[in-house]
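Protein chains in written order, with my numbering: chain A, 1 to 160; chain B, 1001 to 1269.
Bear in mind the hints are in silico, worked out from the structure with no lab data behind them.
Computed from a predicted model, the values in this text were never measured in an experiment.
Zero decoy hints are in this set.
For lysine-lysine, the following DSS-like pairs were computed, each having C-alpha atoms within a straight-line distance of at most 25 Å:
| hint | chain 1 | residue 1 | chain 2 | residue 2 |
| --- | --- | --- | --- | --- |
| 1 | B | Lys1005 | A | Lys119 |
| 2 | B | Lys1026 | A | Lys29 |
| 3 | A | Lys10 | B | Lys1008 |
| 4 | B | Lys1054 | B | Lys1005 |
| 5 | A | Lys126 | B | Lys1054 |
| 6 | A | Lys10 | A | Lys119 |
| 7 | B | Lys1052 | A | Lys119 |
| 8 | B | Lys1121 | A | Lys126 |
| 9 | A | Lys10 | B | Lys1005 |
| 10 | A | Lys119 | B | Lys1002 |
| 11 | A | Lys99 | A | Lys29 |
| 12 | B | Lys1002 | A | Lys10 |
| 13 | B | Lys1005 | B | Lys1052 |
| 14 | A | Lys10 | A | Lys99 |
| 15 | B | Lys1008 | A | Lys119 |
| 16 | A | Lys119 | B | Lys1054 |
| 17 | B | Lys1054 | B | Lys1002 |
| 18 | B | Lys1029 | A | Lys29 |
| 19 | B | Lys1054 | B | Lys1008 |
| 20 | A | Lys99 | B | Lys1026 |
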Amino acid sequence: MSETWITRIKVLFLSAVFASIGNYISSSKTGRPITPLEAAPGLIMMFLVVVAGCLVDDLARKTIKVKLPTIIYISLLSILISIPGFSPIAEYYVAELNKMNLLSLCTPILAYAGISIGKDLDEFVKQGVGIVVTACVSFFAIFFGSVIFAQVILMTTGAI
Amino acid sequence: MKYLKDWKVHAFCFGMVLVSELIGSKPFKFGPVGFTLLPMLYALIIGIILAKMKLITMEMMTTAVPYITISVMYLTAKMSSTVGPNLETVFSAGPALLVTAVTKKLAVPLLAVPVGVLIFKMGRQAVGCGFSTSREDAIAIIGNMYGLDSPEGQGVMGGYITGTLLGTIFNGLMASLFCSLGFFHPYSLAIGAAVGSSSMMAACMGAIVEAYPQYADQIQAYTAGGQVIGSVTGMYVTLFLALPLANFMYRICKREPKPAKASANNKAE
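Next up, chain A with everything else stripped away, as it sits in the complex (with noise of 0.2 Å):
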């Protein structure tokens, strides 16, 4: 097995462990714990469903070479599964997943962008405050180029 592969089969177990834990404590809160057994055959069927968009990303690189990002089979995989009447187990994996909490699976995602933020750390106490503004209009413009044009399409086709 290649070093990809096994750096992210471990990263995959640990973070699935780390949010499940995570989604225990947030769900206590609630009033309706979720144990991390509960959520287990869930993050089972995510972990195969990124195993196997790996795979076909892996594929098409080397046989038809085409270059993707991952997330765009992750993704078809994901939804295809999802579809009640396509997929056999569609109502099965909705509701197994639904037991993790969203929020719960990105808190591991930004605690190791946490771990890694610091490098950049002193390179930003360098940058102008141009560059800083600037970008974070980017971020603002990005958003609101977006959400108000949603706003207005979702408006005239009567989606909301």
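Since the structure of chain A is provided, determine the placement of chain B on it from the hints.
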């Protein structure tokens, strides 16, 4: 065992997750507006504090970088699983998803380049920093066209560093504020949350889900839809539309009547 060498990175991650989740989300209100601090944002802030206290080594920092990309794949799988049951809803938003894939990218140079040039009197750095949200694909584009040691390169690298440090927190608070305004529909906000970078998207979408828990599934489905369309079209829109628009905005702001081709073309050689 070299595969166990990074245990400290994971131990820190676990500790940060525990502390963040135990604190839990905290809403703040200032009259009509407000925002909610989410556990994921604490994790990020704890990281900055630990780095300042020199508890995280440089080696750990660089080791953790690829782990972000790996752990984020769960989020993709989870979000996408909400699309299937909401397939019709997502299809009905198809036009909105397609149009915003372009408009959001064009809004960036339209607003950011003038701010850099007119308010901060920046030079070509304003193009590098303001033509996009300065993520990895933007670095690749600027690196290719101008070189990363050019003023444009300094701009995009500065934007990149600002984004990794402030972007997630900024996005989380901004989305939370937008929700508290009550002016936009949660679906529109959800489409807006597809901002490209995964941690910024997580913070943005997380804030919207927190504000509208009754729409949690649809919000994830819309954001997932936007993110998928964005990741297919994003690079092309940035390269062929946003960058030329940034250069155009730069010339307008500097009141240069003719295209300042010299700078761009010489360095492209």
